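> Chains as they are written, first to last, in the working numbering: chain A, 68 to 301; chain B, 42 to 231.
Rather than coming from a laboratory, the hints here were simulated on the basis of the structure.
Treat the hints loosely; a few may be bogus.
[Said to hold, decoys possible] The calculated lysine-lysine pairs, modelled on DSS-like cross-linking and capped at a C-alpha distance of 27 Å, are:
1) B/LYS231 to B/LYS149
2) A/LYS155 to B/LYS149
3) A/LYS77 to B/LYS231
4) A/LYS77 to A/LYS125
5) A/LYS99 to B/LYS231
6) A/LYS78 to B/LYS231
The model shown is predicted, which means the values in this text are computed figures rather than measured ones.
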Amino acid sequence: MSQSHHPNYKKIYLTLLALLVISVAGPFIGIKWVTLITAFGIAVVKADLVIQNFMHLKWERRIMKLALASSLLLVFLFYFGVAPDVMKHTGHNWVNDAALAATARGIAAPHADGGEAGGHAAGTSEPAATGTDGDPAAAPAAGFDARAAYGTVCVSCHGPDGAGDGPGAVALTPKPANFTDPAFWNGKTDAELLRAIREGGVAVGKSASMPPWGSLYTEAQAQALVNYLRTLRH
Amino acid sequence: MPRPIATTRSATGIPTVRLAIWWVLASEVVIFGGLLASYLLNRLGHPEWANAAAVTNVWIGAFNTFVLLSSSFTAVLAHQAAEHGDGKQAARYLMMTIAGAATFIGVKSFEWYHEIAEGYTITSNGFWSFYYTAAGLHALHVIAGAVIMGFVARDAARGRELQRVELIGIYWHFVDVVWIFLFPLLYIAK
C-alpha cells in the first residue's frame, strides 16, 4: 500500500464548511463581481482542497497529475472551440433565429418562463424588461420597447439602420426588406406589415426567410414595431 | 494471498487499481466538463435564463453541499482507518458516507418533486434541461457510488480488501467535487 499521508482532515473539513457559508452569503451583499468570486472562486478553492487532500493528488505521482490536467485541457479546448457558435446568436454568414427569439421572449416577459420577478438579475435587459412590476399581461405594448426589440431580433437580417444589410442578409436571396428605401414604403399599409411580422413573409407573398413572429409579439407590440420601422425611412 | 499479476505490477509507480480509478476519473472530467461547459456557454448566451435560475432553492442546494462535504470527510476517515488496518472502523465510516448519499438523494427527490409539481420539467426550457440532465447524471453517480461502497464496506468489516476503501473514496471525492461546481452554477448564479 502507498505511503501514508494523512493531513489534519478535520481542519480541512471545517475550512470547507466555512467556505460553503461564504459562498452562500456572497450574493446577499448584492455586488455582482463579489458574487462571482464567492460563488466560483470559492468553488475552485473548495475543489482544490478536496482533490489535493482527500483524493491525495498532492502526494500522487506526477504522471497522474498530467493525465488529469490533459483531460481538463480538452474540456477547455471544447469550450473555447464552441464558444463563438453558442454564445453569439449571429455571425458573419449565419443567424440563430431560435436563440434570438428565445432571448427576446425571455427578456421581454420574464414571467412567461415561470421565473419569479427577476428584475434584479436582468442586468443586461433592455428597457423592455423594466416597468413590468404589475400584471405583465395587462400592458402588452405599454412596457414594450420597439427599438430594443428591433435591435435584438430584426437587426440580424434587416441591419442596424434597417437597410436590409444585417449579417444574416448575406446568405439570403431575395434580400431582406430595406426600410430606408422610400420605394419600399410605396403603398405599404400597416395591416400588410403587421401580417408580415406576425405571420411571416409567406403570408404577404414575400420570402419564407422572414419567419412568423406572432408567438413573440402581440398585435399591439407588432404595431409598435411598425411605427418604429416607419421612422427608419430616409 | 496470491494475487493476479495485473493488480501488483506497476510501470508508473502507481498501484494498477488506483491507476485505473484515476483513468475513470480522467474520462469523467471530460463527461462532466463537457456538460458543464455546454451549460456555461448557453447560460452566458441566454441572459433570460436568470429568470429560471431564480426559481432554484439556494438553501436546499447549500444543505446538499454540506451533506456531500461531510460524506467526503467520513470517506477519507475510512481510508485512514483502513490504512491503520482497522477494517471495522473503516466500514463504520463508509456506512456513514452511504447515509450521506441516501440523505442527498432524499433531499434531491423532495426538491425535484416540488419543482416538477410546479411545472418546471426537463422540457420547460434550456435552463431546466441542463438542470435536470447535469444534476441527474450526478445523482446517478451518487447512487452508483453508494451501492459499490456497500460492497466495499461489507468486505472491510471482515478485514478483507482494505485497499478498496481508498479507491471508492477517491471516486467519492470526485462526485463531491462535481457537486461543488454544480452548486454555484445551478443555484447561486441568479
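> Are A/LYS78 and B/LYS231 close enough, with their CA atoms no more than 27 Å apart?
Outside the cut-off at roughly 31 Å; violated.
> Do the alpha carbons of A/LYS99 and B/LYS231 lie within 27 Å of each other, as the hint requires?
Status holds; Cα separation ~10 Å.
> Is the hinted pair A/LYS77 and B/LYS231 satisfied, with a Cα-Cα distance of at most 27 Å?
The hint is violated at about 32 Å.
> Between A/LYS155 and B/LYS149, is the straight-line Cα distance small enough, at 27 Å or below?
33 Å, violated
> Decide if the proposed pair is consistent with the structure: A/LYS77 and A/LYS125, CA atoms, cutoff 27 Å inclusive.
The hint holds at about 17 Å.
> Need the status of pair B/LYS231, B/LYS149: alpha-carbon distance at most 27 Å?
Holds - the C-alpha atoms of B/LYS149 and B/LYS231 are around 20 Å apart, at most 27 Å.
Of the numbered hints given earlier, the model fails hints 2, 3 and 6; all others are met.
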